[in-house]
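Can you join these two chains into the complex? Each is in its own frame, and there are hints to help.
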Amino acid sequence: MIKSRYLRVAFAAAVASVLAAAPAARADEQFFPLQSYRVGPYAAGGTGFFGGFIDYLNLINIRDGGVNGVKLTWDEGETQYEVERGVEVYERLKGRPGVAAWNPLSVGIAYAMIDRITKDKVPLITINHGRTDSTDGRVFPYVFPLLLNPYSETSGIVNYIASREGGVDKLKDKKIVVLYHGSPYGKETIPIYKLLADKYQFSLEQIEVPHPGNEQQSQWLSIRRAKPDYVVLRGWGVMNPVALKTAQKVGFPADHIIGNVWSNSEEDVIPAGDAAKGYIAITTQASGEQYPVLQEVIKTVYGAGKGNLDDKKRIGSVYHNLGIVNGILNVEAIRIAQAKFGKRTLTGDEVRWGFEHLQLDPARVEALGAKDLFHSINVTWDNHEGDGRVTFQQWDGGKWKVVSGWIAPDWAFLRPIIEKSAAAYAKEHGIKVRTSGDDPVSN
Amino acid sequence: MSAAPLTAQLSPGAGAFAIVVGAAIAFGAVPLFGSDYLMDAVLTPFLALALAAVGLNLLTGYAGQVSLGSAAFLAVGAYATYNLHLRLPQLSLIVDLVLAGLVAAAIGIVFGLPSLRLRGFYLAVSTLAAQFFVQWALTKFGWFSNDNPSGVIDAPVLSVAGVTFTSPAGRYVFSLSVVVVATFLTLRLLRSQSGRNFIAVRDHELAAKVIGVPLLRTKLLAFGVSSFLIGIAGALWAFAYLRTVEPAGFNLDRSFQILFIIIIGGLASLRGAFLGAAFIVVFPLILSRAGAALLGGVFDSGVLEMSQRIVVGMLIIAFLIAEPRGLIALWDRLWRVVTRPAAIRNT
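Heads up: the sequence lines are chains A and B, in that order. Using our numbering, you'd call the opening residue of the first sequence number 1 and step up by one each time. Using our numbering, you'd call the opening residue of the second sequence number 1001 and step up by one each time.
Just chain B, with the same shape it has in the complex (with noise of 0.2 Å):
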């Protein structure tokens, strides 16, 4: 269980070079050669969700705190953003973004409250009061929404200093540098003291106090910063993935959604979180578009639909039972075969 990124097995050199093949893909490639399709409707909402995973893992996975809030904190994050845009038009983009992450970390501090009292499944619970308390709120008040008649409300076009993200390529081109960033910041904090704070306070609370961890200041800390990235990923999703928001789109399965992709990618894993909301957002879709290939025309698309859940639930299981550490795991240790057979072979 470690946040080493894929590069840290690998001598130094072929780490750097790894990384600079990655960038060029991911900026590169993709952009330019990737469809439409693949940009739009498959890696924007990947890294979306892949950035609230990272959230939720940096709350659940490192500092032991189970939330079930994590879709009202995109919903916080997606209607800041909003209702910046709108009020503030003078702000730039990417301070409107990081407002809104501020708005979110604000309420996640607020809701985080009980965590200094309640454990596990009770603080569960109560964190499922910011679920409903945020989506009552943005339904009942027609001021988050600026008093639109139907309460969805539409995106303001992507833009920062003067050039526009409008194709497919510029909202992914977007997302990622966004999601990167988040991501390289979680990183340098996960290994400051803050970071080996939030293990310790997961490990073993009273230890942790013993030695003089401040419980209140780091658990409000991982709720705060937890909620700050889930907040932005709540602004890519509704700004650079749907471009619409409703508040119906921010409910307890999405929370759910958010929570499996860190369980099956792996607690306390930053790739843990990519690897997971790949498996969540990705899979289906290639299981969908191969089944409606393959059998499209014998069954209608509600058959193959539920039986792609089927699949996709048996799939879960059986990874769970190979490896309970998650995908990252079972990674880890396909990674160590493919490098060092000669290791495994001697043992």
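Pulled out of the complex, with its shape left as it was, chain A reads as follows (with noise of 0.2 Å):
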């Protein structure tokens, strides 16, 4: 009976401590809650972006002591890469204090959270990602889709194809094919590449790869056929080495495949083999860690044993450099936001303004340790895009190679085609449209 007691005692000692667990925020803490997914399928992804991102947060606690002496604070939540585990996560760890914004870098999860965030004034991140008309600021006052959205990626792939056959009137009577992911991440890009094959008179096929792809012999057969110039590879996971591979038996060159921004990593090309060399790729982020703030890190937070990395041999890859570049945005949009509320802890909605005026050009960007590892960022209260530029970086079967300068998609192109869209979005839940950046944000 006492033991038992004493269990009773232990276990609701144990539920207590639980319960309280929930860290009570000290003066002067920005958090970062974090949706990360180091478990399932996308963990090479999720563990390389996530580890990327909290390693430049580590880095600016222990060299600055913070954003202006404000500290950063993170807690990660397991979820898969499932939109349940992301919203789960979301409501368990929207509470904290100071909460400066949600990066999920996922489709299916950002799109659960555009309601729930814009209720909460809070800003969500979805860099290169994301949907393509949340570009467009004055409908969707809290979503930026940093650096890269769907359609400038499509018209950067584009664009990197003119300049290497020397222009974009040398495109006409050229052939392209689009071997597409068999979802709606694939999809989305079909009507850009008809509007840009129409506007630049190049003739397209886009063929669907039903998911995973791990079988693609008659698609690569019909590429044979249709004998293209180039192929775009807009692919996902297991579906772009096979298509590599596949390329290799049918005798199509590797350096005529571009791999979109989801089929740009070491994990797309290294299960390739040898067919993946000279296989080119779109990044908004080179690779490789010879970047000033990519030795900071090593040497800092790494030299501290505070790396996020398991495998060290990872810092330096494309989805690390994609965290890095991601941190770097978000601490700067709150220094920016600090410059005008003040050097404190700030709301969520004081952190939208911040990222509303997230200009950095080429010179603060080397100012910030990051010249050549991405170009700029002019993020404006309409624009959350930030026009961002391209490069594109050869695999030569050890690491990626850049092959090309900063390549700038065609926005002036795109923008009426996202602002229809997001006028259908505001129509449809009665969003009054901001006419100026300081419109109060109304939901």
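Read the hints as simulated data drawn from the structure, not as lab findings. Treat the hints with care, since some could be wrong.
To be verified - Restraint ranges, calculated between C-beta atoms of paired labels, are given here:
id, chain 1, residue 1, chain 2, residue 2, range
1, A, K427, B, F1299, 41 to 49 Å
2, B, V1020, A, T380, 54 to 62 Å
3, B, V1110, A, K427, 47 to 55 Å
4, A, V250, B, W1143, 33 to 41 Å
5, A, E205, B, L1294, 28 to 36 Å
6, A, T435, B, F1319, 37 to 45 Å
7, A, F413, B, V1157, 33 to 41 Å
8, A, K119, B, T1339, 42 to 50 Å
9, B, V1157, A, A339, 47 to 55 Å
10, B, M1306, A, K119, 32 to 40 Å
To be verified - These stretches of chain B come out as covered by chain A in the derived footprint (C-beta under 8 Å, 3 or more residues):
id, region
11, 1233 to 1243
12, 1247 to 1258
13, 1278 to 1292
Just so you know, these numbers come straight off a predicted model, no measurement behind them. For every residue, glycine included, the Cβ atom is placed at its ideal position computed from N, Cα and C.
Structure below.
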């Protein structure tokens, strides 16, 4: 009896400690809730991206003592890339004091959060992905598809092919095949490729690979018949290495395959072995660890034993560098907002203001130690993408090598399409379209 | 293995009292005093999955037809509600829900047709067709998602007769009401002749046929009603909980999850469906939060997640060894020990 009473008391104490464990925030902390995915099919991307993000936050804390003295804190909730787990983590962490911004790196989770973060007035960052029309900050005040949305990616790839051919006028009568993943993500850019084909007069064929894409013989046989000048690979997961291997089998040259932003990582090419040699892919952030900011992360964070990646060889990989760049953008948005609102813990709405004034020119990027890592960003209240430039890198069998300058997508051409889609969303949801950056945000 | 509610073991007066107290807590105390997290992230998904489990339990537990297509019917319900709301805005949400359930029922009956010839594992494999076909169709034809470029749709605001359910409490009460009504109607059905026909077909198909149970009608009714309930659960899952829908969210894993809920909770028991859903939805959350709070500083979230899976897996094995008929049988045994300790001692 006594024993069981002790047990009961111990159990109650354990439960109480669990419930009370949510730490009370001290003054001057800015909190990043992380919906990370370190297990499951997308763990390679998740560990790299969230590892890079945390490494950069650690760098700011260790080297600078936070942003102007405001410490950066974070907590992770595992989502396995599943929407309902992402929602659960959102509900779990949204009540923490000083939430700065959400960075789920998952289209599905981001979609489920749009209503929620708009109501809670906290920014949602979907770097390099997300809902294209959320670029229109007039309708989506709290959503930021920073650097690159899917339409800009499409335009960037076509512009790169044009530059290789010697100008957009040389695209005429060229033939491009887009090999896309049979999912909503894969199909999202179909109309944009069509528009660009009409504009530049190249002939276009778009071929679907059913999920997961581990068998592509028939698709590549039709590609061989079509004899295209370029193949754009809009893949995901196992589809990418299989595409490269099958291309080698049918004799299509790897250096005429251009991968999109989800086909551009080490994990996509290493399994393909030799077949990936020469393959080219788009990116917003170059890979490699030669940039000063990466060197500081290695020295300061990994030197102190606080590095987040278990495997140090992954420092400077595509996803890790994306996490670092994401860290830079988040931290600079806070810094910019602090200049206006004061050097203290900011509210989500104040951080949103920071993101809407996130303007880093190449000089500022160099000062941050990220010259050549990424180009620049110029977010405004109505352009939440921020005119990110893209570059192209080629796999040499061991690492990625940058093979192009910084290329600008054709934003002016895409903007009306984005505005039309955003206007339809605003109408459907009864959202008042903002007419200036100073408008109070309604929802 | 009975469908008797918890209160059946009490005297009638006490039973009524228990129902009133239960309703007061569920409809009154929880929405008034519960946290947003409790309602939005725990109870609403629990209710949606519990209703889906009630639907599958009717088909698998009572009528003995194994199905691996539950997620497909969830998806049909969710997408049908979305399209009805979008294309026929004059209909009220309740009508949308019922119609979406009927659409799911129709699809369920079509995919239930093979059950006339196939049994057991073979039937399970044929229901996989529903799983893959529905997901493929929803991705393939943009019409279903209103040609949304990324194929992900966002949910309309829940509103019934001018009352909108935008708060977590509102969504919870809405889900709870739908689940209570649907469960009550299911209970009535199971106690009717049709319900007894289900069990007859499950226990001995040939004998049932001999005594005059219409096999075709009974099996298709089971598929239809089951899909109807799962379809409504899908609408709740999409619109009351996630507030977004994408086809990938209704994959084979989800079908397995619902099947595990009824196996762990207890086949042929409506209470079992709820207990199983609680175990599958709520328990990992408790474990995850406890793990993060106690060991979060030591290990990263990936390691914690893996350890939780191991713990949950071991518990499932332990439960099923202790009581193969599921949590509900375990519950009943405990209940007897609590209420009739004297009787136990005397035996």
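So, going through the hints one by one against the coordinates:
1. K427(A) <-> F1299(B): 41 to 49 Å: 48 Å, holds
2. V1020(B) <-> T380(A): 54 to 62 Å: 58 Å, holds
3. V1110(B) <-> K427(A): 47 to 55 Å: 36 Å, violated
4. V250(A) <-> W1143(B): 33 to 41 Å: 35 Å, holds
5. E205(A) <-> L1294(B): 28 to 36 Å: 56 Å, violated
6. T435(A) <-> F1319(B): 37 to 45 Å: For F1319(B) against T435(A), whose Cβ atoms are near 60 Å apart, the range 37 to 45 Å is violated.
7. F413(A) <-> V1157(B): 33 to 41 Å: 35 Å, holds
8. K119(A) <-> T1339(B): 42 to 50 Å: For T1339(B) against K119(A), whose Cβ atoms are near 46 Å apart, the range 42 to 50 Å holds.
9. V1157(B) <-> A339(A): 47 to 55 Å: Roughly 38 Å apart at Cβ, these two residues miss the hinted range, so it is violated.
10. M1306(B) <-> K119(A): 32 to 40 Å: This hint holds: roughly 34 Å between Cβ atoms.
11. 1233 to 1243: holds (count 3)
12. 1247 to 1258: It holds, with 3 qualifying residues against the three required.
13. 1278 to 1292: Our answer is that it holds, as 5 residues pass the Cβ test (under 8 Å) against chain A, meeting three.
Consistency with the previously given hints fails for numbers 3, 5, 6, 9, ordered from lowest to highest.
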